[in-house]
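S.K.: Starting from the structure of chain F, add chain D where the hints point.
As given, the protein sequences belong to chains F and D, one line each in that order.
Heads up, the first sequence is in the numbering used here, so the first residue is 126 and it goes up one at a time.
Heads up, the second sequence is in the numbering used here, so the first residue is 126 and it goes up one at a time.
Check each hint, because a few of them may be wrong.
What the hints assert, rightly or not - A short, non-exhaustive set of chain F residues, derived as facing chain D with CB atoms under 10 Å:
1) Val141
2) Val142
3) Arg143
4) Asn146
5) Tyr159
6) Pro209
7) Ala212
8) Ser373
9) Phe376
10) Leu399
11) Glu404
12) Phe405
13) Ile416
14) Asp417
Hint data in this document are derived by calculation from the structure and do not stem from the laboratory.
Quantities reported herein were computed from a predicted structural model and do not represent experimental measurements.
Glycine residues also receive a C-beta, built at the ideal position from the N, C-alpha and C atoms.
Protein chains: 2
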Amino acid sequence: MEKPLKVDVVSKTRVVVRAENSGPSANGLEGGCYHRVAHTSSSTGTKMIFGLFIPSTYTCNLNAASIPALFWLSGLTCDDTNFPIKAGSKAFEAAEKHGIAVVMSDTSPRHDDEIPNVDSYDLGIGAGFYVDASASPYNQHYKMYAYITKELPGVLKQLNIGSKKSISGHSMGGHGALTIALREGPSVWSSVSAFAPICNPTDCPWGIKAFTNYFGSTEAGTEHDAVCLLNKKGASIFDDILIDQGTSDQFLKEQLKPETLVQVAKKVGQKVTLNMREEFDHSYHFIGAFIDSHIDFHAKFLTS
Amino acid sequence: MEKPLKVDVVSKTRVVVRAENSGPSANGLEGGCYHRVAHTSSSTGTKMIFGLFIPSTYTCNLNAASIPALFWLSGLTCDDTNFPIKAGSKAFEAAEKHGIAVVMSDTSPRHDDEIPNVDSYDLGIGAGFYVDASASPYNQHYKMYAYITKELPGVLKQLNIGSKKSISGHSMGGHGALTIALREGPSVWSSVSAFAPICNPTDCPWGIKAFTNYFGSTEAGTEHDAVCLLNKKGASIFDDILIDQGTSDQFLKEQLKPETLVQVAKKVGQKVTLNMREEFDHSYHFIGAFIDSHIDFHAKFLTS
Numbered sequence: 126m127e128k129p130l131k132v133d134v135v136s137k138t139r140v141v142v143r144a145e146n147s148g149p150s151a152n153g154l155e156g157g158c159y160h161r162v163a164h165t166s167s168s169t170g171t172k173m174i175f176g177l178f179i180p181s182t183y184t185c186n187l188n189a190a191s192i193p194a195l196f197w198l199s200g201l202t203c204d205d206t207n208f209p210i211k212a213g214s215k216a217f218e219a220a221e222k223h224g225i226a227v228v229m230s231d232t233s234p235r236h237d238d239e240i241p242n243v244d245s246y247d248l249g250i251g252a253g254f255y256v257d258a259s260a261s262p263y264n265q266h267y268k269m270y271a272y273i274t275k276e277l278p279g280v281l282k283q284l285n286i287g288s289k290k291s292i293s294g295h296s297m298g299g300h301g302a303l304t305i306a307l308r309e310g311p312s313v314w315s316s317v318s319a320f321a322p323i324c325n326p327t328d329c330p331w332g333i334k335a336f337t338n339y340f341g342s343t344e345a346g347t348e349h350d351a352v353c354l355l356n357k358k359g360a361s362i363f364d365d366i367l368i369d370q371g372t373s374d375q376f377l378k379e380q381l382k383p384e385t386l387v388q389v390a391k392k393v394g395q396k397v398t399l400n401m402r403e404e405f406d407h408s409y410h411f412i413g414a415f416i417d418s419h420i421d422f423h424a425k426f427l428t429s
Numbered sequence: 126m127e128k129p130l131k132v133d134v135v136s137k138t139r140v141v142v143r144a145e146n147s148g149p150s151a152n153g154l155e156g157g158c159y160h161r162v163a164h165t166s167s168s169t170g171t172k173m174i175f176g177l178f179i180p181s182t183y184t185c186n187l188n189a190a191s192i193p194a195l196f197w198l199s200g201l202t203c204d205d206t207n208f209p210i211k212a213g214s215k216a217f218e219a220a221e222k223h224g225i226a227v228v229m230s231d232t233s234p235r236h237d238d239e240i241p242n243v244d245s246y247d248l249g250i251g252a253g254f255y256v257d258a259s260a261s262p263y264n265q266h267y268k269m270y271a272y273i274t275k276e277l278p279g280v281l282k283q284l285n286i287g288s289k290k291s292i293s294g295h296s297m298g299g300h301g302a303l304t305i306a307l308r309e310g311p312s313v314w315s316s317v318s319a320f321a322p323i324c325n326p327t328d329c330p331w332g333i334k335a336f337t338n339y340f341g342s343t344e345a346g347t348e349h350d351a352v353c354l355l356n357k358k359g360a361s362i363f364d365d366i367l368i369d370q371g372t373s374d375q376f377l378k379e380q381l382k383p384e385t386l387v388q389v390a391k392k393v394g395q396k397v398t399l400n401m402r403e404e405f406d407h408s409y410h411f412i413g414a415f416i417d418s419h420i421d422f423h424a425k426f427l428t429s
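Extracted from the complex, chain F is given alone in its bound form (with noise of 0.2 Å):
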């Protein structure tokens, strides 16, 4: 029987060779497709859309089994297009090769007049920082953390997508992979790993900014800090974190801090592998250099 369809697809583009298995689904998903999914979201109470690529094995039968999906969560500015737009050819190879969906969510709720929202590329729309604000006016619709980590897999489940996830993201992004991984654990989120991300927000502007206006503190926001989590658990909890940051990243020293989360996992046994990229900047061509070896990173935990 038929699942009852709870999204829609408002656009579907091919973006790999499709696989000889592989037709639409009565949800109107394909194997070898990039889509933008709409719903209605209870935690954020607005339209969200996400992007969703599937690999061409993807059976299109609701009753096969479920494949695994990597969840990638974006940085400031941006909305579910960008990392398709400027990093997909790379990425949706890379996930066809092993048979994994990604999936790429929003920043922040938008497509609503009624949002609350600054003249600011640094809070409100599009910087919605993977938490669940609190404080007014943002605590009605801000609740990215809600939607990442429990509206978005459920939805994922109705479309057989997810028995396994893993998490990366992008700047404000890998600072939302690395707190929602950190959070929930090995038993949620197969593997972790992020590209410049924001490892120390409750000691950065952009952190402060964001935790004050959402949680009413810096200090509320210790609970959504890496590196604050991180020394809170006091032990190793994934087998290893994916880093990759450029050395000529213009956030790197004053928003970004790696090494201090570095340093608490060391002191409380964390293996973090951390790449420094000689010369790279923040922006998504240092993310398509080095996309694929994220994904094969995060396949050698989905698919085994």
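M.R.: Showing chain D alone in chain F's frame:
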């Protein structure tokens, strides 16, 4: 003795890992980086900016051997940045593998308020059609044929790039690649390929509009129409012409017409490898899916 600097590197981003022997040259170029390069164009009478990827093995020694280059021509509405942003991650990886530079041209003059333009996506700025306009008001600045075939190779020669040259492009840029290669022949362009090219512009709305405005008549466009040029040559010009075309391309039947090119190629004995890609559309996702196979194709001619 250093050659005089005649270009301005307006931005430089590392996109592949630096080779040990790579470093900045006197002109600011660096192997393993994607650059935007500005110069004053005598063809268009404006500033022109082109994208330039140099493989990491580039020695940055102006006395060393020149490296081969693939020229990429983009389609309607694009400037020099669309291809590197949307297809760069796979294209640069493939070019790095083969030690080939990638030159990404603009599609028309711009960067000057005096350039004639119309409120239309398929004429004027972003739509130069790779011809030298002869009709007013376009005949002063719209000289993209001279720019691509004479001026840009000269600029690159000064940078020690383009020992051999191949050419490819998408849609209007595929038309540009095919017509430039057929007009100038294999002694100038080692190989030619295209994604979803406008094959017979004198017989489609985009081409008729462009030729009528740039030349004053459609008939004058036969000298810039791949089907007409191949028919006139009446013989095989290249070992092979590689074309990829999506079957779900919304412009396939009305604007692109690859089957007309294949027919005339068969008549005159020119080999054309036309890959009809099931369910792919006209987007950069389509280019991203197959750009590595095109660069592999050109490498056979550029590095032999």
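S.K.: For each hint, tell me whether it holds in the structure or not.
M.R.: Structure-based check of all given hints:
Interface hint status for valine 141 of chain F: upheld, as the beta-carbon distance to the closest one in chain D is roughly 6 Å, under 10 Å. This hint holds: valine 142 of chain F has a C-beta 7 Å from the nearest C-beta of chain D, less than the 10 Å allowed. For arginine 143 of chain F, the suggested interface contact is upheld, since its CB lies about 6 Å from the closest CB of chain D, less than 10 Å. For asparagine 146 of chain F, the suggested interface contact is broken, since its CB lies about 14 Å from the closest CB of chain D, more than 10 Å.
Because the smallest distance between the Cβ of tyrosine 159 of chain F and any Cβ of chain D comes to about 6 Å, under 10 Å, the interface hint for this residue holds. For proline 209 of chain F, the interface hint holds, since its Cβ comes within 10 Å of a Cβ in chain D; the closest pair sits about 8 Å apart. Evaluation of the alanine 212 of chain F hint against chain D yields a held restraint, the C-beta minimum of about 6 Å falling below 10 Å. With 10 Å as the threshold, the beta carbon of serine 373 of chain F comes within range of chain D, its nearest partner Cβ sitting at about 7 Å, so the hint holds.
Against a cut-off of 10 Å between C-beta atoms, the interface hint on phenylalanine 376 of chain F is violated, since the closest Cβ of chain D lies about 15 Å away. Annotation: interface hint on leucine 399 of chain F violated; nearest CB of chain D at approximately 16 Å, more than 10 Å. Hint status for glutamate 404 of chain F relative to chain D: holds, with the closest Cβ pair at about 4 Å, below 10 Å. Annotation: phenylalanine 405 of chain F was flagged as interfacial toward chain D, and the flag holds, the nearest CB pair being 5 Å apart, inside 10 Å.
With a cut of 10 Å, the hint placing isoleucine 416 of chain F at the interface with chain D holds, because the nearest CB-to-CB distance is about 7 Å. Of the supplied interface hints, the one on aspartate 417 of chain F holds, with its beta-carbon coming within about 8 Å of a beta-carbon of chain D, less than 10 Å.
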